[in-house]
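Assemble the whole structure, with the sequences as input and the hints as a guide.
Chains H and L are the protein sequences, given in the same order. Residues 1033 to 1398 (this note's numbering) make up the first sequence, in order. Residues 2 to 132 (this note's numbering) make up the second sequence, in order.
Since the hints were derived computationally from the structure, they do not count as laboratory data. One thing to keep in mind: the hints can contain errors.
[As the list claims (entries may be wrong)] The calculated lysine to aspartate or glutamate pairs, modelled on EDC-like cross-linking and capped at a C-alpha distance of 20 Å, are:
id	chain 1	residue 1	chain 2	residue 2
1	L	Lys66	H	Glu1342
2	L	Lys66	H	Glu1333
3	L	Lys66	H	Glu1173
4	H	Lys1325	L	Asp36
5	L	Lys66	H	Asp1052
6	H	Lys1049	L	Asp36
7	H	Lys1325	L	Asp88
[What the hints assert, rightly or not] Per the computed footprint, the stretches of chain H lying under chain L, defined by three or more beta-carbons under 8 Å from a beta-carbon of chain L, are:
id	region
8	1177-1189
9	1344-1353
Don't be surprised by glycine CBs; every beta carbon is placed ideally from N, CA and C.
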Amino acid sequence: MGQHTPLYDAHVRMGGKMVDFAGWVMPINYSSQLEEHRAVRQSAGMFDVSHMCVVDLTGEQTRAFLRKLLANNIDRLQAPGKALYSCMLNERGGVIDDLIVYFVQQNFFRMVVNAGTRDKDLAWLKKQAAAFDVNVRERAELAMIAVQGPAAREHVLELLEPNLRDGAAALEPFFAVPNVDEHDWFVARTGYTGEDGFEIILPGRDAETFWNALAERGVRPIGLGARDTLRLEAGMNLYGSDMTEEITPLQAGLGWTIGWEPADRDFIGRAVLDQQRAAGAGSKLVALVLEGKGVLRNHQEIITSAGNGEVTSGSFSPTLGRSIALARIPAAAKGETCEVDIRGRREPARIVKLPFVRHGEIKVSI
Amino acid sequence: MSNIPADLKYTKSHEWVKLNGDGTATVGITDHAQDQLGDMVYVEAPDAGRSLKAGEACAVVESVKAASDVYAPVAGDVIEGNAGLADAPESVNNDPYGSGWLLKIKLADAAAADGLMDATAYEAFVASEDH
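Structure follows, in structure tokens:
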């Protein structure tokens, strides 16, 4: 039997269809997944992401540790509260996990990693931390709620304590309020949908009250199904599908997250990335819009003039009304089209530039 | 509780069959099936003239979550596939026993549907699958 988040009872009460996800019992949808998706694009939705793993890193050498650990450059975080998206690589340059790290205060960084990779992430963090004066502390007692959509910030701000509200209202995108308040609440203007909004990390005992207050304001609960179509439209990678330990960031469309400068920052995996950067990575991640019939699904084969590839995340885009995907194809593939084997038929697809959707607007031609 | 009309026959793979009384049958997926699959985004119904064996995959219903085959509950030739579903796949969710029908078959054998479940048996089958 899987683990329950502090919001499990609320999900069941709200009609959530509960499924096993990375060892947790989570709602895949409450009612129509398409309506949930549209609610986030047009108004506001809330997601229980308490299954994700919050890790606090403290100590004199925390920054030095993160310089070594992360492919992105932690020194991009100079202003307290600023967030950074990064991959954590193995020695082969493969992705152990992707994560968000917040610079909270001097010698205090907060990291959020995936639920499905928790065990190996913590083991890796502790192993690498041994050489540094840094304390690695999982915060399993904390819950996490994402509120996303054009009306999301307004709803959240109305519910926050005055102390926290002013700081949250003033946040720029990709910043968090640079302290964990005395009630252990932490508010960041981040998300996984391509919409504005907040992610709120709070004590598990406070989660249901806050969740219910959001629901009373008309914020709709959103399941994992719509969470996946929203992130795909936003062009965001999913760990385990679009990147794995066998795939480097350069092969996963994440070259922009590699902190190449300064050249002497010797982060884990750097040697392989430097080599791929010079000689080519062999494969690349592209975005597809299906022109033919059917629906793009994970693992369908892609046919290009330079060889075959594979759909890594495929679904139907509620905003475009078309099927879309992320796919890995040979780096040498040229041109703006390819073919996809959909249930034994070859259907044409067009290669487009990400994102598909941003702030409610379609960004690709359809 | 899902809707299970008394005048239809059912399969263990959650198709329904309506015997039209003239040697033809209409086929779709049940209310329970559409509820399990979720919002339909693409439906591929067969072309007229195709000859089907009982149990053969004859249509595809794709929800936002996943693709599922639909199996011919009875043998026969396809008279018509529901072309309207190409532009309105949500009919399978909203009206699974009406405008969401998938195909019409000319039965190979008048007794072909005899082995299928009636509504009471199907209801019990769904309940047993849920536990």
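Item checked: Hints the structure fails to honour -> Checked against the structure, the hints that fail are numbers 3, 4 and 8, while the rest are satisfied.
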